[in-house]
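Asker: Single-letter residue listing:
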Amino acid sequence: MKNLILIIGMVGAFSMLTINVCAQDSETSNHSLDMGIPEVCLLDTDAGSISLELTTTEAGAQISGGTGTGYAQVSSIVSAAETRTIEATITGVPAGTSLEVDTAIPSNGNQGGILGSGTSSVALVNGAGAVTLVTTIGSCFTGTSATDGYVLSYTWDAGAVGDYGSIVATTGSTATVVLTITNTP
Amino acid sequence: MLLQLLILLHLLNNFIMKKSGLIFIMLVGSLLLTTNAWTQDWTAGDNVTLTVQDFCLIETNYAPVALTLITSTAGAAAASTSNSDLFVKISSIVPGGTNREITARISSGSVPTGTALTLVSAPCTTTNSGGILGTPVATPITLSAIDQDLVIGIATCYTGTGYNDGYQMTYTWGPDSPSTNYGLIESNTYNIIVVFTITAHDGN
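Chains as they are written, first to last, in the working numbering: chain A, 1 to 185; chain B, 1 to 204.
Derived by calculation from the structure, the hints in this document are not laboratory data. Hints are not guaranteed to be accurate.
[What the hints assert, rightly or not] Examples of chain A residues toward chain B, derived with CB under 8 Å: (1) S29; (2) N30; (3) V40; (4) L42; (5) S79; (6) T89; (7) L124; (8) A128; (9) C140; (10) F141; (11) G143; (12) T144.
[Said to hold, decoys possible] From chain A, some residues computed to sit far from chain B (all C-beta separations above 10 Å): (13) G36; (14) A61; (15) I90; (16) T135; (17) Y154; (18) V178.
In this text, all values refer to a predicted model and were calculated from it rather than measured experimentally. Just so you know, even glycine gets a beta-carbon here, dropped at the ideal spot from N, CA and C.
Please model the entire structure based on the sequences and the hints provided.
Answerer: The following block contains the structure:
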């Protein structure tokens, strides 16, 4: 008789288990997303011309004092283990003078990412090979307003003493700096 | 009913043990008599058992979702991009006073470093739906490997089965804190799988 009670009890338990199995618990559904980040490599300047002037007010001194500032804006997305470099070439520097540039990394708060390393006192020489202004740029942006971007500080002076005699007065002489952003490697 | 049966069997057991079979038979006889006395009407019938199982089903419209981070302006960060092609359809029956939630998590792959992928649900479309369809969580969730609520308070309802029936989901993908994390972004193609779950009702 006790066995009968046990069996009935077990049947009751199985019934309750069966009910729980029938009640669906939760369900899921999968969904696939494709997400692409293409490489981006954009370089622009604020496009304003930079006016430099060499002069002196002291008798006996050589002419000096031409300084000006330009900005280069960059958007860059690189692949893994890739970096970029900004290089410059120049044409149109007046004879007997020398032009140098310091390049500072953007720091005005509108930038982000891996902005690389700047350089200082890089000589820009007519017809010379491209010189490197910024190295190890990764994925970054510099901001888009006129004073955002890498700060290019140009310094124009009389060149080597031996060339001083080749300097002639000129107005409106235009030198053109071409900036290029390249992949490394 | 089961309880009564068990008590009766217990009594039966005791009677047999005490060998008081006669008393037991009398007791059973009196019960039968009593039963007969109560059966006075002549209607006949049958027990009809109506069962509504609680259940839930979920499916998407399997819309392909492709997102691309890009910019065309020098100096600008890659802009956020959105996609609202995906609809989630459900059927749900719950016991009274209980609710379900739709949750989402990433089951395969991961969101590219330096970026964040968010997801938010619109209220269920009304054309082909009915019932208590719940309320979307207003703040977009940032998808991760852990389930987070998209729609809460779902009770007994259906959303319709058409391609554009159900809860419209909006993915938004963009740089995450670009001023500090932008350098982590790497160009590539990434595939991730998002799992939508309709939970067991909260009475479970």
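Asker: Identify every previously stated hint that the structure contradicts and give their numbers, smallest first.
Answerer: Numbers 6, 7, 8 and 13, in rising order.
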